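Make a model of the complete structure from these sequences and hints.
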Amino acid sequence: MYAIFVLRPMIVSVQYSFYKWNGIGASTWVGFDNYLRVFTDPDLLGPIGNAFKLIVFFSFVPVVLGLAIAATTRQIAESRLASVARTVLFLPQVIPLVAAGIIWTWLLSSTGLVNQVMDAVGLNSLTRAWLGDFSTALPAVGVIGAWVLLGLCTLLLLAGISHIDPALYEAARLDGAGPWREFLSITLPSLRQEIGVCVTVTVIAALASFDIVYISTQGGPGNSSMVPGLEIYYQAFTERQVGAASALGVVLMLLVLLVVLPIQWVTKERD
Amino acid sequence: MIVRQRETITAKVLLILLMLITVLPFVSLFVTALHPSGTYPQGISWPSQPQWSNFADAFTAANMLQLLKSSSLIVLGVVPASVVFGTMAGFAFGHLRVKGHRWLFLLFVLGLTLPFEGILTPLYFQVRDMGLLNTRWAIILPLIGLFMPFAVLWMRAHFVNVPEELSEAARVDGASTWQLFWHVHVPIARPALSSLGILLFLWTWNQFLLAIVLVDDPGKRTMAGALGSFQGQFGTNIPLLCAGSLLIMAPTLIVFLIFQRQFVTALLAGSVKG
Amino acid sequence: MSHHSSPARAARLWSTVAAAALVGGTVISGCSAPGADPAAAPTAAAGPTQASEVTCGTDPVTMKGYFETGFPLPKNLTDEFTKQFPNVKWDVREDQFAVITQNAPRVLSDDPPDLMRLPQVSELVKDKLLLNLDNYAKAFGWDAWPASQLAQMRVSADGTRGTGPLYANGLNFSLTGLFYNKELAAKIGMTSAPTTLAELDAVLAKAKAAGITPIDQFNGGATGGLAFPLQNLMAAYGETGAINDWIFQKPGATIDTPSNLKAAQHLQKWITKGYFADDINSQDYAAMMSAFIGGKALFIFDGDWESGNLDKQMAGKAGFFLMPPSQAGGKQGAMSAPLTYGISAKSAHPDCAAFFLNWVATNQTAREITVSVGGSHPMGPSDAYMPAVKAGTVTAATLEAGAKVGKDNGAMDFIANATGAIYAKSWTPNLQKLVASKQTPEGMLTSVQKDYEAQIAK
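Taken in sequence, the protein lines are chains B, Y and L.
Numbering-wise, numbering that gives the first Met the number 0 puts 48 at position 49 of the first sequence, and it's gapless, one number per residue.
Numbering-wise, numbering that gives the first Met the number 0 puts 266 at position 267 of the second sequence, and it's gapless, one number per residue.
Numbering-wise, numbering that gives the first Met the number 0 puts 231 at position 232 of the third sequence, and it's gapless, one number per residue.
By construction, these hints were calculated from the structure, which means they are not laboratory data.
The structure presented is a predicted model; accordingly, all values stated were derived computationally and were not measured.
Among the clues, some could well be false.
To be verified - Below, in silico cross-link-like pairs of lysine-lysine (DSS-like), each with a Cα-Cα straight-line distance of 25 Å or less: (1) L:LYS406 to L:LYS389; (2) B:LYS19 to L:LYS63; (3) L:LYS311 to L:LYS389; (4) L:LYS345 to L:LYS63; (5) L:LYS437 to B:LYS52; (6) L:LYS207 to L:LYS127; (7) L:LYS330 to L:LYS406; (8) L:LYS261 to L:LYS449; (9) B:LYS19 to L:LYS127; (10) L:LYS88 to L:LYS63; (11) L:LYS261 to L:LYS205; (12) L:LYS74 to L:LYS88; (13) L:LYS449 to B:LYS19; (14) L:LYS330 to L:LYS261; (15) Y:LYS68 to L:LYS63.
Stated by the list, open to error - With beta-carbon atoms standing in for the labels, derived distance ranges: (16) B:SER184 to Y:TRP45: 43 to 53 Å; (17) L:ASP58 to Y:GLY130: 19 to 29 Å; (18) B:SER124 to Y:GLY130: 51 to 61 Å; (19) Y:PRO49 to B:THR86: 46 to 56 Å; (20) L:SER191 to B:LEU122: 35 to 45 Å; (21) B:PHE51 to L:GLY210: 55 to 65 Å; (22) L:SER436 to B:SER184: 49 to 59 Å; (23) Y:TRP45 to B:SER124: 47 to 57 Å; (24) Y:SER52 to B:LEU80: 33 to 43 Å; (25) B:LEU187 to Y:VAL26: 29 to 39 Å; (26) L:GLY294 to B:SER134: 53 to 63 Å; (27) B:VAL120 to L:GLN264: 52 to 62 Å.
From the three backbone atoms N, C-alpha and C, an ideal C-beta is built for every residue, glycine too.
Following this line, the structure appears as structure tokens:
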């Protein structure tokens, strides 16, 4: 199964990427032309850049916020509140990403909750149709991703923290370390592996994002929130440039590996 | 001690805030779903006359029974097969250490990071040439393949930790490899198996990309795929769209709330190993 | 030696086989180039030439349809058809138009429907996916209908549209213009339709000053709805013939002309003066419709497929007029296109599908449904039966406007139909950028023309 539905398509993808084919008629060999296009055509290169910008939201925000929350809530990790939180924070993980996209499309619309809240706190000059604005569409998509992934990261890190030996913290307290020192010298190093996991999972989610963008902006306005996954879909099935779609697919696969392997290497060193 | 207490309060406030951010979108969706069908509600506001009938309307409009059936069939096609294959291959990798397992293993590790979009295009033409387009098999078969790396590595991680002595003992008793696998190793792997099952269920049920590309008929898609076309169909009617989205989310939410402990453990462990 | 192999070795062997089965095998199958020349699909016209021979027969038939979501007309027609011909059942799948556009080539070739809502046909014809309907046209006498009704669905051998064999038919032909909210219009003293572009500008300015959103339009996501006002402005500033040439891919045609530039600049003026709702870049078609029906804007640019709907949801409160000309009394143009339905070259029941298309245009009940549900003009001979329409309704206004456009010979196909991808990949992003002041009118036309040439060359 793995061979037929994963390995074969991987290889065929490389093969297609050297051809110009519309999916129906005959194909012509074009060598590296499709790859040249990926790296020169702004329609194809832009989405790759956007994917990296999404990493800030999908990855950086959940991991940093998650760390902050996990570190401060360490002491109440065993409380009732924390166990309720464990359930609640998981909700975004359980629903389909499409549903998250629909919910947030509604929240971020010009009459949605986000603008309602901003009006209420006096920020009405900033309200806008978040997903329809060139400067905010991509960040808005990022916020949706951050919402989905924040709970997961927080819980992963919290689980990691609870495995740290409390004696380490006691010792630090006796040495007169403040919460910040505690965090830097105990929490952060001990969580290296968990942080690595969070970063890996969220970076892949950012680079391979599709569902949320497909539902909320379709890559618009202009191409301001286009991501590689959606561009592959458009190239293959709207523009019928099977070769270019495959080339972009190959580049995306390599890109994910290139980004993820160093992260793995850095964070797994300890083992 | 005072410092402790202040920290505890900050922690509580933070947690509550975080939960609020998580839950508020759902509340907004729910409240909007209660507005009169066809209106254009503003933000969060409780309607003067909650229209509970919207849920019934959306249930019929979205053809929920058909969707439930379709998603269940797909899950039944994917999960058991993936679990069985994953367990057997994981056993081979983790416990038997077959010849060449290192490079085979690497192949699976690579597959773990694979974005589905990377192989989307060839997959479409392959499924088309097999004549499976617009059937549930078009989702089931590729998903089994795509879940392989995770399932195999998950089960391998389990089998690696099973003490060698257990197998030795069984072999002394004259057990064949097959018997060893089924009667000794599978039973102790039960917790790992059930977590794997839960994760695969969730990922199959929520699969969107393959559903919209390989199957055009919403009635043969997964729940998530159907939700996509539901948005296309009822985009004009925001309360109905919200009601329909809630209904489509309901099955996983209910299953999650019932088995929350297993889910949380599985998802946390799942990400660590993944 | 092999007879005393240890259990451990057997186990290894067994596992190697298992693992190899998982990984090996078909990996390196077929390294030949993908795709083949299209099979020798019938390029010549199909079907018998006698009308009496083209029927749905008497045996039970299930017709596979692929229709557009959100428009009840096709469903109403097929239901009525089944009532009249009980042996014919319909198995219909629906999608949004944008999805149909994306899916068209692969659905026609991989899962062929008997009757399908089609986007622009020229690329589908080039790939030999559509049935040539010439013999049916001859048999049923479609050639005697006003030529403009079918022109957009003819594709000649060199790929230009407008002449050549017929590859589809319409369920009706639609017309676009401005819909307005009568209550809001009364508030700012607009008592009759503007007769020149300058008058329209004045109305827009008045509405803006009165705190009413002058125009709402969908322009978000993958939908560049500003193409509606843009093309209407193009028709007001220039000749519709030249625009059609471009859409039909006549050699040497260009969209980047001085009069089109004036149109694009006029559109930009509307944008900078704030005549459009400020969130149009996030609105899809549905959002625009619910905003307009909810009384949130004075105008929308849209087509008469909404007439029936608006007569129901805004009874008496909505009106329609064609885009006014730049000079008083000038000719008026409008986008007018058949609601295109075609038959897959691989259809299992082409005769029955052709018979249905003819029935839609000629059956009295079908024509009544077309007008009352669809709001647009039915296809067919110009002297065919026309159902009566209540005066003062939007439907009456749009049918009347249709007659005016016919007289002025002002019908145009839609600029979004020039190539399969021109709308999604060129007009939409450019128009969205225009709204956000990230594109100039000149830049937009140059960019669209460049994409157009690249797409035709493919």
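Here is how each hint holds up against the structure:
no.	hint	verdict
1	L:LYS406 to L:LYS389	23 Å, holds
2	B:LYS19 to L:LYS63	32 Å, violated
3	L:LYS311 to L:LYS389	13 Å, holds
4	L:LYS345 to L:LYS63	12 Å, holds
5	L:LYS437 to B:LYS52	20 Å, holds
6	L:LYS207 to L:LYS127	51 Å, violated
7	L:LYS330 to L:LYS406	9 Å, holds
8	L:LYS261 to L:LYS449	19 Å, holds
9	B:LYS19 to L:LYS127	19 Å, holds
10	L:LYS88 to L:LYS63	9 Å, holds
11	L:LYS261 to L:LYS205	23 Å, holds
12	L:LYS74 to L:LYS88	12 Å, holds
13	L:LYS449 to B:LYS19	20 Å, holds
14	L:LYS330 to L:LYS261	18 Å, holds
15	Y:LYS68 to L:LYS63	23 Å, holds
16	B:SER184 to Y:TRP45: 43 to 53 Å	50 Å, holds
17	L:ASP58 to Y:GLY130: 19 to 29 Å	26 Å, holds
18	B:SER124 to Y:GLY130: 51 to 61 Å	58 Å, holds
19	Y:PRO49 to B:THR86: 46 to 56 Å	26 Å, violated
20	L:SER191 to B:LEU122: 35 to 45 Å	43 Å, holds
21	B:PHE51 to L:GLY210: 55 to 65 Å	43 Å, violated
22	L:SER436 to B:SER184: 49 to 59 Å	51 Å, holds
23	Y:TRP45 to B:SER124: 47 to 57 Å	28 Å, violated
24	Y:SER52 to B:LEU80: 33 to 43 Å	37 Å, holds
25	B:LEU187 to Y:VAL26: 29 to 39 Å	35 Å, holds
26	L:GLY294 to B:SER134: 53 to 63 Å	31 Å, violated
27	B:VAL120 to L:GLN264: 52 to 62 Å	40 Å, violated
Checked against the numbered hints given earlier, this structure breaks hints 2, 6, 19, 21, 23, 26 and 27; the rest are met.
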